[in-house]
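Protein chains in written order, with the working numbering: chain H, 1 to 585; chain E, 1001 to 1077.
Derived from the structure by calculation, the hints contain no laboratory data.
These figures come from a predicted structure and were not determined experimentally.
It is possible that some hints are incorrect.
Result set (SDA-like, lysine to any residue): computed pairs, CA atoms no more than 20 Å apart in a straight line [claimed, not checked]:
(1) E:Lys1049 <-> H:Val476
(2) H:Lys328 <-> E:Leu1010
(3) E:Lys1045 <-> H:Gln564
(4) H:Lys440 <-> E:Glu1060
(5) E:Lys1061 <-> H:Lys245
(6) H:Lys440 <-> E:Thr1006
(7) H:Lys328 <-> E:Arg1013
(8) H:Lys440 <-> E:Lys1061
(9) H:Lys245 <-> E:Ala1004
(10) H:Lys146 <-> E:Asp1030
(11) H:Lys328 <-> E:Thr1006
(12) E:Lys1061 <-> H:Ile537
(13) E:Lys1049 <-> H:Asp479
(14) E:Lys1061 <-> H:Glu312
(15) E:Lys1049 <-> H:Leu426
(16) H:Lys440 <-> E:Arg1013
(17) E:Lys1061 <-> H:Pro132
(18) E:Lys1061 <-> H:Leu208
(19) E:Lys1049 <-> H:Glu312
(20) E:Lys1049 <-> H:Tyr286
(21) E:Lys1049 <-> H:Arg178
(22) H:Lys328 <-> E:Thr1069
What follows is each chain in one-letter form.
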Amino acid sequence: MQSHIQAVDVLVIGGGTAGPMAAVKAKEADPELRVLLLEKANVKRSGAISMGMDGLNNAVVPGYATPEQYVKEITIANDGIVNQKTIMAYARNSFSMIEELDRWGVKFEKDETGDYAMRKVHHMGTYVLPMPEGHDIKRVLYRRLKRARVSITNRLVATRLLIAADGSVAGAMAFDCRTGDFHVIRAKAVILSTGAAGRLGLPASGYLFGTYENPTNAGDGYSMAYHAGAELSGIECFQINPLIKDYNGPACAYVTGPLGGYTANSQGRRFIECDYWSGQMMMEFYRELEGGNGPVFLKLDHLADETINTIETILHTNERPSRGRFHKGRGTDYRKQMVEMHISEIGLCSGHSASGVWVNEHAETTVKGLYAAGDLACVPHNYMLGAFVYGKIAGESAARRCASAALADIDETQVELEQARVLGPLSRADGLPPSQVEYKLRRMVNDYLQPPKVTRKMEIGLARFEEIKANLDRLVARDPHELMRAMEVHAIRDCAELAARASLYRTESRWGLYHNRVDYPDRDDREWFVHVQVKKINGEMTCFKRPVDPYIINPDEHEMSAYQQLRIHENATVKTKTETDVAPV
Amino acid sequence: MPTAFTLTSLPVRINEDLCIADKGCSVCVDVCPLDVLAIDLTKGKAYMKFDECWYCMPCEKDCPTGAVTVDIPYLLR
């Protein structure tokens, strides 16, 4: 094992969706910059979209939606707790990003006139653009990286950021999960794009890697940002998604909905008005799942054969193609049976909900020189297209910083401490296997943090996470691969503590199931119309309130409650627009 | 610390008649997001070394000879 040191201008950590875009855009902004894309797996097939994507969930396309309408929709869907400027920055760049990806060779569905074939799934506006041939997206990105001459290193696992004397970022440290070599990378700007904290809760199957998110995304970036002193936000607004039970991947109501499929109860009846994911939608889903009419199913068996053929082609060749293999193994045919659904384990992911590293509309975190983009950056409901847009913004912001910033000096103490922490598990002859510590930790996450949230349970959870913290010094790894798992356990534990502390701090209920505190059942806008931030202050994990900036787009009062009336009421007849608008909560 | 050897059924199967790792191919090992595949140097064939699979399928799709099959892990099936 060796140690390596190198210096670059822009270091991008994470080569999934936002990362490659950030690297390309930094390089395009200034081709002289040394841009390094550091990836834990292999950029060719890494991240949440390793097998492509079956559609855009938040396309703001002229003629179908305006940036102003989109900002309104997400403000309402996220119960008002948003920094609207960040969402507006996404919305204004959304369409130009689609056009750019289109030029690069990413395929979107178009109608016979060549216009984008937009579909309505959201409660209010029209934002879904299918990508039946979206399986090539990683290949397209890889070509652009090569063309822009971005340097790439695969199989390097970043573990901590380097901080300069003035508190700004100075680079990062990493190790090679094949050789165990330790790397120090100095940089003027660092972009974090390491994806969700997807290995937080334990899936219902008990299989550690059968997670909703790509399990490579273990929350490394949340942990790195936290230890670098960055503010994290909305952590208590967990990610919980509807999915195919046991398979634990998306059933894709966004794909099937516009074609006539829907989420149903055991009677085959609809129970929610709208399949767009929000905390309130998940609350209704959870109620039906646990209620007498449960469980919940994806219903397609009423559709015509050719429609189902189309659905199968999209779902079984894109994003999670092994869905088809799973159904075949169980003898499930969309034509004949409804597909049993369930809810996911908890995770942190701003792509789907809101938990992430705090960023402004320039993708700047609260640490100078540190930028964040994609699932780990707090821009609510940002999805894949948001990752691309914020990747672009982060890359351009980082390039601007490099025009004036100098390479900061390295603090040798930070390097020595990290090297000892990272190489510790390889040096121990005896100790705890990472897989067992991870299983126990994540089982505790389910037991104590999974909503409905209960104060005393979360306090017990925190005590258990502290005990597991004491176990981390006993983790043992027989090779660099096991070392990767050991260091991921450190990050997962940090995320568990972040999730517990942020949830305990917000003493109200908000975002439906995501932050359903049964001992504080009401929403309390007087006290809690604020962001909850978590930050390392004097070594302590500390929560505090950050005011919500004045809105730039004000939703009407009747619109604000649109997402709180998702359940289809018993005995509902044909609902008129007026009834929808004024129905009491 | 006493340890165990527990038998575990693995989701990724390699058809060794088709695998050309002995000719220098390592595509499946390269593309796996979880880094769970490896080459057995004594046999010159790929194999699944760690039971940490997301059944995501790049290994199967990118294999040039069709030697890789990804099953759904037993616990999920």
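Taking the hints in turn, this is what the structure says about them:
| no. | hint | result |
| --- | --- | --- |
| 1 | E:Lys1049 <-> H:Val476 | holds, 18 Å |
| 2 | H:Lys328 <-> E:Leu1010 | holds, 19 Å |
| 3 | E:Lys1045 <-> H:Gln564 | violated, 56 Å |
| 4 | H:Lys440 <-> E:Glu1060 | violated, 32 Å |
| 5 | E:Lys1061 <-> H:Lys245 | violated, 25 Å |
| 6 | H:Lys440 <-> E:Thr1006 | holds, 18 Å |
| 7 | H:Lys328 <-> E:Arg1013 | holds, 18 Å |
| 8 | H:Lys440 <-> E:Lys1061 | violated, 34 Å |
| 9 | H:Lys245 <-> E:Ala1004 | violated, 31 Å |
| 10 | H:Lys146 <-> E:Asp1030 | holds, 18 Å |
| 11 | H:Lys328 <-> E:Thr1006 | violated, 29 Å |
| 12 | E:Lys1061 <-> H:Ile537 | violated, 47 Å |
| 13 | E:Lys1049 <-> H:Asp479 | holds, 12 Å |
| 14 | E:Lys1061 <-> H:Glu312 | holds, 18 Å |
| 15 | E:Lys1049 <-> H:Leu426 | holds, 19 Å |
| 16 | H:Lys440 <-> E:Arg1013 | violated, 29 Å |
| 17 | E:Lys1061 <-> H:Pro132 | holds, 17 Å |
| 18 | E:Lys1061 <-> H:Leu208 | violated, 24 Å |
| 19 | E:Lys1049 <-> H:Glu312 | violated, 32 Å |
| 20 | E:Lys1049 <-> H:Tyr286 | violated, 38 Å |
| 21 | E:Lys1049 <-> H:Arg178 | holds, 13 Å |
| 22 | H:Lys328 <-> E:Thr1069 | holds, 15 Å |
Hint compliance for this structure: hints 3, 4, 5, 8, 9, 11, 12, 16, 18, 19, 20 are not met, and every other hint is.
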